[in-house]
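Note that numbering that gives the first Met the number 0 has the sequence shown beginning at 0, numbered continuously upward.
Honestly, I wouldn't trust all of these hints.
As the list claims (entries may be wrong) - Straight-line C-alpha distance at most 25 Å; calculated SDA-like pairs for lysine to any residue:
| hint | residue 1 | residue 2 |
| --- | --- | --- |
| 1 | K24 | N37 |
| 2 | K24 | P51 |
| 3 | K24 | P66 |
| 4 | K24 | P13 |
| 5 | K24 | E2 |
| 6 | K24 | D44 |
| 7 | K24 | H125 |
| 8 | K24 | V85 |
| 9 | K24 | V95 |
| 10 | K24 | S69 |
| 11 | K24 | G40 |
| 12 | K24 | A84 |
| 13 | K24 | D87 |
| 14 | K24 | R117 |
| 15 | K24 | H9 |
| 16 | K24 | G53 |
| 17 | K24 | A313 |
| 18 | K24 | F50 |
| 19 | K24 | G129 |
| 20 | K24 | D108 |
| 21 | K24 | R100 |
| 22 | K24 | S54 |
| 23 | K24 | V60 |
| 24 | K24 | A78 |
| 25 | K24 | Q42 |
| 26 | K24 | L90 |
| 27 | K24 | W106 |
| 28 | K24 | G98 |
To be verified - The calculated label-pair distances, taken between Cβ atoms and stated as ranges, are:
| hint | residue 1 | residue 2 | range |
| --- | --- | --- | --- |
| 29 | T685 | R605 | 33 to 39 Å |
| 30 | L535 | G161 | 27 to 33 Å |
| 31 | S828 | G762 | 46 to 52 Å |
| 32 | G823 | G726 | 44 to 50 Å |
| 33 | H861 | E11 | 42 to 48 Å |
| 34 | V857 | T702 | 32 to 38 Å |
| 35 | R760 | R605 | 57 to 63 Å |
Everything labelled a hint here was simulated from the structure, so no lab data went into it. For glycine and all other residues, C-beta sits at the position ideal for the given N, C-alpha and C.
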Amino acid sequence: MPELFNYFDHVELPTPTLSTDEVEKLCELVFGIVVVANPLGSQQDQNFRLFPRGSDAPFGVLKLSNPVFSETEIRMQDAATDAVAVADPTLRVPRVLSGPRGALWAWWDSSQGRIHARVLENIAGHTLTGSRYLPPAVIERLGDLAGRVSAALESFEHPASGRILQWDLRHARRVIDALLPDEPDAEVRAAIERAVCGAVAALDPIVPHLPMQAGHFDITDDNVLRGYGELLPDAVIDFGDVMRSWRVAEIAVTASSVLHHDGADPTSVIPAIRAFHARRHLTDEEITALWPLVVLRGATLVLSGRAQVRLDDANEYAADALDRERRIFDVATSVPASVMTAAIRSALEPGRAAPTRTWEGAPLFTLPAEVVVLDAGTVSPLNDRGAWLDPEELDRAALSTLDAGAGAVVVPAWHPVLSGAPPRTPAEPATIPTGTTLWLAEPPALGRDDGEWTRDAGTVTWRCGDEVVTITGIPDGTDAVLPARTRLFVQRHAAGDEPPPPRVTARLAAAWRDVTGEVSDALGLAPPVARGDDTLARRRGVLAAVQEHYYDAPPRIERGWREYLIDVDGRVYLDMVNNVASVGHAHPHVADAATRQLNLLNTNSRFHYGVITEYAERIVETLPDELDTVFFVNSGSEAADLALRLAMASTGRTDIVAMREAYHGWTFASDAVSTSIADNPNALATRPEWVHTVAAANSYRGTYRGADAQRYAPEAVAEIDRLAASGRAPAGLICESFFGNAGGVALPPGYLAQVYEAIRRHGGVAIADEVQVGFGRLGEWFWGFEQQGVVPDIVAVAKSIGAGHPIGAVITRREIADRYRTQGYFFSSTGGSPVSAAIGLAVLDVIDQEGLQHNARVVGTHLKRRLEALAENHPLVGAVHGAGLYLGVEFVRDRVTLEPATEETAAICDRLLTLGVIMQPTGDYQNVLKIKPPLCVSLESVDYFVDSLDRVLSTGW
Numbered sequence: 000m001p002e003l004f005n006y007f008d009h010v011e012l013p014t015p016t017l018s019t020d021e022v023e024k025l026c027e028l029v030f031g032i033v034v035v036a037n038p039l040g041s042q043q044d045q046n047f048r049l050f051p052r053g054s055d056a057p058f059g060v061l062k063l064s065n066p067v068f069s070e071t072e073i074r075m076q077d078a079a080t081d082a083v084a085v086a087d088p089t090l091r092v093p094r095v096l097s098g099p100r101g102a103l104w105a106w107w108d109s110s111q112g113r114i115h116a117r118v119l120e121n122i123a124g125h126t127l128t129g130s131r132y133l134p135p136a137v138i139e140r141l142g143d144l145a146g147r148v149s150a151a152l153e154s155f156e157h158p159a160s161g162r163i164l165q166w167d168l169r170h171a172r173r174v175i176d177a178l179l180p181d182e183p184d185a186e187v188r189a190a191i192e193r194a195v196c197g198a199v200a201a202l203d204p205i206v207p208h209l210p211m212q213a214g215h216f217d218i219t220d221d222n223v224l225r226g227y228g229e230l231l232p233d234a235v236i237d238f239g240d241v242m243r244s245w246r247v248a249e250i251a252v253t254a255s256s257v258l259h260h261d262g263a264d265p266t267s268v269i270p271a272i273r274a275f276h277a278r279r280h281l282t283d284e285e286i287t288a289l290w291p292l293v294v295l296r297g298a299t300l301v302l303s304g305r306a307q308v309r310l311d312d313a314n315e316y317a318a319d320a321l322d323r324e325r326r327i328f329d330v331a332t333s334v335p336a337s338v339m340t341a342a343i344r345s346a347l348e349p350g351r352a353a354p355t356r357t358w359e360g361a362p363l364f365t366l367p368a369e370v371v372v373l374d375a376g377t378v379s380p381l382n383d384r385g386a387w388l389d390p391e392e393l394d395r396a397a398l399s400t401l402d403a404g405a406g407a408v409v410v411p412a413w414h415p416v417l418s419g420a421p422p423r424t425p426a427e428p429a430t431i432p433t434g435t436t437l438w439l440a441e442p443p444a445l446g447r448d449d450g451e452w453t454r455d456a457g458t459v460t461w462r463c464g465d466e467v468v469t470i471t472g473i474p475d476g477t478d479a480v481l482p483a484r485t486r487l488f489v490q491r492h493a494a495g496d497e498p499p500p501p502r503v504t505a506r507l508a509a510a511w512r513d514v515t516g517e518v519s520d521a522l523g524l525a526p527p528v529a530r531g532d533d534t535l536a537r538r539r540g541v542l543a544a545v546q547e548h549y550y551d552a553p554p555r556i557e558r559g560w561r562e563y564l565i566d567v568d569g570r571v572y573l574d575m576v577n578n579v580a581s582v583g584h585a586h587p588h589v590a591d592a593a594t595r596q597l598n599l600l601n602t603n604s605r606f607h608y609g610v611i612t613e614y615a616e617r618i619v620e621t622l623p624d625e626l627d628t629v630f631f632v633n634s635g636s637e638a639a640d641l642a643l644r645l646a647m648a649s650t651g652r653t654d655i656v657a658m659r660e661a662y663h664g665w666t667f668a669s670d671a672v673s674t675s676i677a678d679n680p681n682a683l684a685t686r687p688e689w690v691h692t693v694a695a696a697n698s699y700r701g702t703y704r705g706a707d708a709q710r711y712a713p714e715a716v717a718e719i720d721r722l723a724a725s726g727r728a729p730a731g732l733i734c735e736s737f738f739g740n741a742g743g744v745a746l747p748p749g750y751l752a753q754v755y756e757a758i759r760r761h762g763g764v765a766i767a768d769e770v771q772v773g774f775g776r777l778g779e780w781f782w783g784f785e786q787q788g789v790v791p792d793i794v795a796v797a798k799s800i801g802a803g804h805p806i807g808a809v810i811t812r813r814e815i816a817d818r819y820r821t822q823g824y825f826f827s828s829t830g831g832s833p834v835s836a837a838i839g840l841a842v843l844d845v846i847d848q849e850g851l852q853h854n855a856r857v858v859g860t861h862l863k864r865r866l867e868a869l870a871e872n873h874p875l876v877g878a879v880h881g882a883g884l885y886l887g888v889e890f891v892r893d894r895v896t897l898e899p900a901t902e903e904t905a906a907i908c909d910r911l912l913t914l915g916v917i918m919q920p921t922g923d924y925q926n927v928l929k930i931k932p933p934l935c936v937s938l939e940s941v942d943y944f945v946d947s948l949d950r951v952l953s954t955g956w
């Protein structure tokens, strides 16, 4: 058998560099095929995609192997490919093609000597090359593909499998030692040496226990493909690194390739590892080895890539990869390997109790008996009314507690801290403290005389055996070991380890805790109870399935403030979808009004009390004079339902005209006039016979577009006339003043004037559904119908008028309201209750006093301008609809056909969530972002939203 490749005999490995002209001539001379060759990238081989001359359909991929590889090794690569194809027929892999002279596999006599050439199948699709965002489902599939190939090659044997490649992680330390002396950058050398020493120390004890087998060992983002238009990859290419090595190295290589992608952090690879584990059960030793191998892979990539570019500066493929390879290394080493190992083990073995470091002996010092535990988390009253934004609030609360008689105040480790948390974070913030924060009324007595105490630059450190405890925050010039009335921070870690950061992310907190140990033991405190959260499972178990929630894996939101929503881990999200909280979440004036009224009276609306009258008067003041009579209900659905009943009662008729593709509610009557197929796929087919629809007046994607949209109104008028002529004159017409379900599309100019005139000409009434846009959201107009220059007969409004409290109202003329008596009396137990009315009044106060309609106009205009600018760089943006703070971004796959980008819109919303933005789709095709933030949203927040959306559109979803 020929001598096999040994990297250490060929550290410098220049690639073949045949010209395309020579390649095309040799293809014809040797293989008998006439082709056009387009170069493809490779680090150590030379690759071309071949096209039959005169055709743009790919024929295959020509692979010119580096001359250092023997024929035996090349045959092994093909045999491994064949083995995978046989074992897993659904997995697409590139096998050797045949031509007019047989297999396209031969040695060429080229201008650069004897080179092996073979033509492999061209696997259709796209690789994941580049650093675009990879969603969790794609990362999971990468791990699954690695597991499938590993399973297929489990029993694969070949004489060449024992070759020694630079990518064999068994030899990573040798490769690094060979390359490191020639690395000219001292910072690179130091970072790699430091990381490699730690990785090797973790690996050495377990190396004898790591299973071996043949594998692909290069299943990376560059070497998988997904079919055109598909999300998930289903093909594996480039079997050039087939060899025998540690089985776990397969997933280590795959996981490392994820780390350079946009938004990736070490925990991003967990879905891939979990999927591999499901196919190829990882032993305990393999779990321990996995992250050190990822670190070694990153180090090898950095040094090899930089060496290759120094050797072959014309190799654009290697040069382009340098930044990606450095990011892999940086992300892999951003968390200690021991912490990532604990996180991986927890993900793969969730029921297994993690080993913990036990504290030996007495606490370090004796705390007083009166210890008060301060809750600084999301639901703590300490963080009410935006106090969480003030980083000094925690100290004030602690000192106040000491003043009240406490001997010590602690904020426990490992519990989320919202106080001082940043808003608008594009990645999960570090909100979990790794130590206990402590305030003392008096300096305590030391409880241990063993070990060594040292003091340096505001930090006291105690060392004893394997234990290290650090206490930071000690002011300069303080004589006491632990001064009183000073914020101190106590951490614990093992000797030889770096101290943990003060705070870590929620996803890694449990792993950090497993590695560092429980600091409360060092203080003589009871350890905090480990957190668990089964509320989503419980919700699914007790709520009806059709009562859905946003997102498949939603954050648990337990606090709001202004335009922010905050989860239980202390992450602050920007809320760009919540028009329910119109004046901002948890507005103090609204909360105070509700509390005050609850302390006074809350009962049903049949009692006589003043606040309901005052509230009705305030609503009427915002409307034209003729709309002078108010009904109170509890929701938009009830308001629309009552408006329809008023139309029927006032006219003695039952037929109603409604615009198609609209949503008005879920009650029997409001659902009957709702024809949005997004809310009910059978909406049009299941309408009762008394509902008659007219075309959705959508000037962007409707029947008539642009200037032709003026034809909608005459057609609607004709339909109303036809109904009247047939003896079914309608009782009324219900229509949103702004086409909300479509994402805030303005109705064509004059539309409502024409259809209102027609409905009234036949004795019907005009109903304006203002549930979405009323109360100043449009900026320029307080009510949506004002934009059309009309006055309806009945107005239905809800949502924003209660700022999250269930309030709905119907406002009409007195004579129409009086006609309701023909259907009996009207009563809503809590519609207009004292608390509802007090909250409603407070909302109007805030809109007036804080100029929120003006804010909607100014901020909304800025926001719309910035959103429209996105269309210049992103073809997916078809249009930006709306006005003020009621906007919609419509995504289309083609700006001519307007094919809705439904799947893309859902994925964009999911990606925005990872960047800290709450957003949801709307429209019949669910391809429009519905942008309806609280009216108090700031310019900084909308800029953050647009920047985040631009990032998603640029880097993927």
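Hint check results:
no.	hint	in the structure
1	K24 - N37	14 Å, holds
2	K24 - P51	13 Å, holds
3	K24 - P66	20 Å, holds
4	K24 - P13	23 Å, holds
5	K24 - E2	31 Å, violated
6	K24 - D44	19 Å, holds
7	K24 - H125	28 Å, violated
8	K24 - V85	34 Å, violated
9	K24 - V95	20 Å, holds
10	K24 - S69	24 Å, holds
11	K24 - G40	21 Å, holds
12	K24 - A84	31 Å, violated
13	K24 - D87	36 Å, violated
14	K24 - R117	15 Å, holds
15	K24 - H9	30 Å, violated
16	K24 - G53	16 Å, holds
17	K24 - A313	23 Å, holds
18	K24 - F50	14 Å, holds
19	K24 - G129	32 Å, violated
20	K24 - D108	12 Å, holds
21	K24 - R100	16 Å, holds
22	K24 - S54	17 Å, holds
23	K24 - V60	16 Å, holds
24	K24 - A78	28 Å, violated
25	K24 - Q42	24 Å, holds
26	K24 - L90	33 Å, violated
27	K24 - W106	14 Å, holds
28	K24 - G98	15 Å, holds
29	T685 - R605: 33 to 39 Å	36 Å, holds
30	L535 - G161: 27 to 33 Å	50 Å, violated
31	S828 - G762: 46 to 52 Å	34 Å, violated
32	G823 - G726: 44 to 50 Å	27 Å, violated
33	H861 - E11: 42 to 48 Å	57 Å, violated
34	V857 - T702: 32 to 38 Å	35 Å, holds
35	R760 - R605: 57 to 63 Å	39 Å, violated
Checked against the numbered hints given earlier, the structure breaks hints 5, 7, 8, 12, 13, 15, 19, 24, 26, 30, 31, 32, 33, 35 and satisfies all the rest.
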